[in-house]
Amino acid sequence: MNIKSTSHVTVLLLIPACFVATLLFAPRAYTQDIEFRGFAENATYVRSKGVGLTKSRTTLQLELSKVWKPTGLFSEFSVSGTFRGTYDAVYDLNDDEFGKNSGRSVSFAAPGNPAFFGILATGNPATPPFPPSTNPEWAGIFPPPTLTGAIPLPGVPGGNIGANNPNEGLRLLGDDVHNFEQGGVVLAYPTRPCDIDNRGCLKDYMDDDESDLRFPEFNDDLDFIRELYLDATIAFDNGDELGFRIGRQQVVWGRTDLFRVLDVVNPVDFSRQNIYDELEDIRIPMGIVNMEYRAGASGPFEDLNFQAIWKFEDFRPNNLGQGGEPYAILGAGNFFRAMKTCWDYGCTAWNFPATDLAVEFPVGAIGIRQANLPSDQDFGFRIEGVYKGVGFSLNALRYTSQMPSLRGGIPADNPFTPPIESQFYPYSLAFDIDFPRLTMLGGSADFYIESMKSAIRVEVSYTTGEEFPNTLEERLFSESDVIRWVVGIDRPTFIPFLNKRRAFLLSWQVFGQHLQDYARARVNAQGIPTVADVGMVDWKDNFTTTFLFQGNYLNDRLTPQILSAWDFRAGSGAIVPSIDWKISNSWRLTLAFNMKIGEGAKGFDDDRAANPYPPFTCAPPLAAAGSPLCGTAFSSLGASGYEPLGRFRAGPFGMAINEDEYQLTLRYRF
Amino acid sequence: MKHSLLKILIIGVVGLSQTVAAESFTEEDINGSFYPYNDWTPAAEGYSVGVVIDQSNADQYEAILDEALFRFVKDGWVTIRTAPTTDFPLSDDYVAATRQYAGDVSVAENGTLNNFVAGRAFPQEPRADDPQAGQKLVWNYQYGFNSGDSETIYPFWWTFRNVKTGKVERTLKFEWHFLNFNHRVTFDPKPAYENNPGGIYRGIYGIVKEPFDLANTQILIHRYQNDTKRDNAWLYVGFQRRVRRLAAGQITDAFLGSDLMIEDFEGYNGRVTDYSWEYGGTRNLLIPFYFHNDMELANVPENDPDGYRFIDVEGQGNCFPKVTYQLRKTYTLIGRPKDPNHPIGKRVINLDAQTMTMASLVTYDRKGDMWKWFPIGKAHSDHHLPINKGKGVALDDFAVVIDIQANHCTTLQFKSQVTDDVNQPKLFSVQNLRKTGR
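Chains as they are written, first to last, in my numbering: chain Z, 112 to 781; chain H, 2 to 439.
These aren't lab readings, by the way, just hints derived from the structure by calculation.
Some clues are possibly wrong.
With a Cα cut of at most 27 Å, we get these calculated DSSO-like pairs of lysine-lysine [what the hints assert, rightly or not]: (1) H:K339 to Z:K564; (2) Z:K564 to H:K368; (3) H:K427 to Z:K499; (4) H:K390 to H:K230; (5) Z:K499 to H:K339; (6) Z:K564 to H:K347; (7) Z:K611 to H:K368; (8) H:K75 to H:K191; (9) Z:K499 to H:K230; (10) H:K436 to Z:K499.
Some, not all, of what chain H presents toward chain Z, calculated at C-beta under 7 Å [claimed, not checked]: (11) P212; (12) D228; (13) T229; (14) R231; (15) R242; (16) K368; (17) G369; (18) S430.
Since the structure is predicted, the reported quantities are computational estimates derived from the model, not experimental observations.
No residue lacks a Cβ here, since even glycine has one placed at the ideal position from N, Cα and C.
Use the sequences and the hints to build the structure in full.
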């Protein structure tokens with residue numbers, strides 16, 4: 112998605128320049144107020160445990176708006192724009208870790224390989240093992256007796272997958288989270304920007320060049336135009352108003368901090384700093400027609416408004432961070448890049464089909480074939496108002512999921528046979544990334560409870576059409592309706608021994624998620640008992656809680672706070688103490704320590720023990736017993752590990768368990 | 002049948018015993034209440050108009066300075082320049098409404114008002130032997146004509162200052178709007194907006210223009226006709242782009258880091274029934290009432306379209322208004338919060354008798370120590386902006402909150418305009434916060 116030519120850059124820069132000039136020099140006769148402000152900021156983050164610099168981002172943001180005098184039909188008319196450009200020097204200052212020199216050669220300890228190869232080569236379990244490998248490199252040499260690495264499956268042409276897929280610029284999936292002690296499947300993923308190493312890059316989804324990573328707003332999506340919209344209002348004689356906001360904008364629904372239950376109109380850029388940046392800064396503004404009918408006080412309602420939105424800009428998913436970026440939430444980008452590499456180049460899988468083995472898959476057998484970005488458009492409707500002092504909203508949104516779904520069922524090769532097939536193998540790890548269409552219905556309310564001296568916020572949504580990994584299904588995913596909810600309590604509280612003049616804000620939230628069509632079992636789809644749980648990776652019910660403790664000193668110029676979060680099922684969380692110092696009206700310094708706590712990685716069925724390619728992948732005990740089941744495909748028998756699916760259980764805290772960071776941000780506002 | 006009659010009688014007697022009967026008033030009461038300076042001038046021993054009061058002679062004038070101001074003068078923090086007492090007549094419409102409706106008003110057992118429509122609820126002179134005197138005074142203040150029916154304050158600068166050094170720490174630049182949904186006397190519709198399903202009495206709306214980290218922060222407060230109903234307040238947080246409901250605790254917390262709490266706005270900004278009120282006597286006090294256009298003004302705001310300039314600052318830490326003070330008749334009103342966890346021990350409000358606006362407030366903490374001083378400088382509406390001429394409102398013009406214990410102050414510089422131009426109900430809606438925010 113990089114900028115291809117100088118002329119292109121010129122065009123991109125001319126657009127906001129023209130806009131700014133229009134705003135600044137529009138005839139005074141037609142305009143009233145013009146506002147121009149912005150900030151320059153440097154955010155420098157350093158990660159512990161030897162990683163070093165993860166962010167050295169310098170930002171320039173300009174915010175402009177101009178209001179025109181009431182004219183003709185319109186009682187109000189204005190144009191607003193927000194322009195942002197950033198340069199993240201981490202890709203230059205720490206390019207050994209993130210950037211053009213990142214990654215390394217990887218190797219797997221696979222002492223079981225010789226014996227396994229013997230069995231594989233002869234089909235006879237009594238075959239004596241080859242001598243142990245002395246140099247178990249990722250890309251091995253075949254055939255024996257010069258076996259030095261992973262064992263190519265019979266479908267690997269020439270027995271070697273090394274061509275165009277060198278063992279360099281790689282990391283092992285999950286090596287930032289765990290030490291592979293659970294013995295689960297491990298893949299390698301390329302880490303360098305896509306113009307330097309295009310392995311594993313997903314076209315139009317996760318294919319950022321080095322310049323895209325350094326200058327994330329300057330891309331073909333014109334993200335440096337964060338917002339640019341016009342506002343117009345038509346006032347009616349009865350006091351009602353019809354308002355339009357048209358252009359690239361953020362539409363904010365809901366009443367919740369950190370979590371997004373109703374606030375799903377805009378996708379989010381998690382690559383900026385996982386979930387920890389303000390949503391205002393990480394929502395990806397979209398081209399939207401936003402209409403509001405503001406009825407004001409009506410009937411029994413103290414305030415009543417109707418909103419309709421149509422998102423006309425091309426679909427954009429959440430930015431999860433691609434493989435090799437400092438912030439790749441859930442490590443999903445790393446996983447996808449590993450899988451895409453597998454599909455395009457073939458790959459070595461460690462601890463596959465069992466612990467201490469490493470085998471090579473051919474091209475087009477397992478992995479991610481492509482990301483299919485839809486072109487559907489989103490529509491939403493909201494009623495919002497106040498009734499008897501209670502603020503409420505009812506929301507409906509028909510939209511495309513901003514989170515990816517791994518859909519199996521694509522035509523693929525059988526890695527155990529020399530011919531190159533192209534057919535669907537049930538339970539095989541061959542996917543496309545898709546973004547399903549969803550329908551979300553929900554509502555929210557806020558009110559005050561005097562006996563608690565607290566403001567209460569409630570949000571709930573019911574979404575249909577969401578897809579989740581499910582190892583019981585032939586295509587390894589299934590749909591489930593999802594109920595999400597949040598309850599938040601805000602209570603200002605005086606704690607005299609800490610500050611007798613200013614109350615502390617205690618803000619507590621609990622977020623719940625319930626999967627209506629949950630599937631999880633200790634028998635597989637064919638009724639065979641499994642060694643561990645199989646089915647949907649996500650939890651049927653999960654809860655995450657957050658607590659904010661915020662104080663203010665020196666007339667709010669010094670704001671210390673502790674933000675904490677805990678994912679109950681994942682058993683992981685974060686504690687983020689920070690102090691914010693408003694040095695003057697213009698200067699502001701923030702120092703934070705982002706600390707993760709808890710269990711970290713979680714394991715789950717990784718589909719190793721499925722039989723997608725009968726009889727080759729039949730479980731050894733069944734094969735040894737001559738079970739007729741070996742002749743047909745069956746779902747996983749529950750062999751589990753951290754990778755690759757455990758990340759969805761560990762959640763954003765568990766998968767970032769080793770991402771403790773010291774963070775310093777200096778901002779100058781003008 | 003007999004039982005039913007008895008029941009009605011009992012209910013009637015009980016009902017009567019739960020209210021204080023409406024009091025009649027005379028034209029003499031009206032004149033005394035609204036025009037006290039027609040045939041009378043306040044005086045104090047040793048005081049003459051034009052005297053300058055400073056550290057050297059403060060003791061001599063202790064009786065005509067409120068408790069905090071005396072302390073400041075005595076400490077050499079400020080010098081008081083005095084000017085003649087002048088008439089600050091309220092709108093004839095407000096006086097007429099008082100004549101029309103005050104005779105029907107009474108205080109209910111729970112401290113709320115019965116039969117109040119508009120105007121001054123109790124134009125009679127307060128009596129020390131009247132146990133309801135404090136309650137009546139606070140209602141006169143609550144339904145006073147402080148901002149007329151509708152007012153805009155823009156620009157409105159709040160400047161945080163270190164009292165000891167005078168260093169300006171931060172300046173918040175606001176735009177504020179006030180609207181009475183009920184008890185209206187000058188602007189249509191009178192006496193109330195009909196379409197008011199929430200029963201709102203008064204709406205207060207403010208938006209921060211600067212500094213930029215707070216820009217677009219907005220506050221909306223609804224106070225209800227039913228004084229036993231808790232105020233609702235919402236804050237639009239610019240960087241979150243969300244409307245947050247405020248908990249009541251935030252009403253008694255420092256607002257955006259200033260020395261004011263939301264409950265302090267206009268002197269006392271809360272439910273009458275949240276406090277118990279006591280009449281503390283009548284005093285002639287020197288208070289900052291003046292003609293704005295006759296003052297030596299600041300050189301800000303620059304480039305004001307009306308050429309308007311704020312009242313300047315002077316004195317210790319630049320925390321005091323550079324204005325003249327008048328000797329005026331005041332009522333002392335003492336309020337004590339009923340909530341034992343309230344951070345304030347008591348408010349001593351000095352109400353200007355003629356306008357029933359708060360001239361000064363001295364706040365004490367729960368230990369009984371003096372905590373804050375909050376005078377509001379009042380400008381005569383005929384000697385201010387042309388738009389205010391003839392409006393009959395004692396305009397909010399300058400205020401300061403000095404936190405005596407923290408040696409910190411917040412000065413408030415106003416450009417007040419009594420107008421209904423933009424102050425329509427829709428401005429005071431939650432949706433307007435979202436619309437105005439980004």
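Item to check | Hint consistency between H:K436 and Z:K499 [alpha-carbon to alpha-carbon, up to 27 Å] | outcome: holds, 22 Å
Checklist entry - Between H:K390 and H:K230, is the straight-line Cα distance small enough, at 27 Å or below? => result violated, 36 Å
Item to check | Hint status (Cβ of H:R242 to nearest Cβ of chain Z, threshold 7 Å) | outcome: Given a least distance of 5 Å, the restraint on H:R242 holds.
Next on the checklist: A closest beta-carbon separation below 7 Å is what the hint needs, so does H:D228 meet it against chain Z?
Outcome noted: violated, 14 Å
Checklist entry - Once the shortest beta carbon distance from H:P212 to chain Z is found, is it less than 7 Å? => result Result: holds, 4 Å to nearest chain Z Cβ.
Checklist entry - Any CB of chain Z closer than 7 Å to the CB of H:S430? => result holds, 5 Å
Next on the checklist: Holds or violated: Z:K564 and H:K347, Cα atoms, limit 27 Å.
Outcome noted: holds, 21 Å
Checklist entry - Can the restraint linking Z:K499 and H:K339 be considered satisfied, given a maximum Cα separation of 27 Å? => result holds, 25 Å
Next on the checklist: Check the hint pairing Z:K499 with H:K230 against an upper bound of 27 Å on the C-alpha distance.
Outcome noted: holds, 11 Å
Checklist entry - Taking 27 Å as the top limit, are the C-alpha atoms of H:K75 and H:K191 close enough? => result violated, 48 Å
Item to check | Proposed proximity, H:K368 with Z:K564 (alpha carbon, max 27 Å) | outcome: With Cα atoms ~23 Å apart, Z:K564 and H:K368 stay inside 27 Å; holds.
Checklist entry - Taken at face value, is the distance from the CA of Z:K499 to the CA of H:K427 at most 27 Å? => result holds, 17 Å
Hint check: violations occur at hints 4, 8, 12, 13, 16 and 17; the rest are consistent with the structure.
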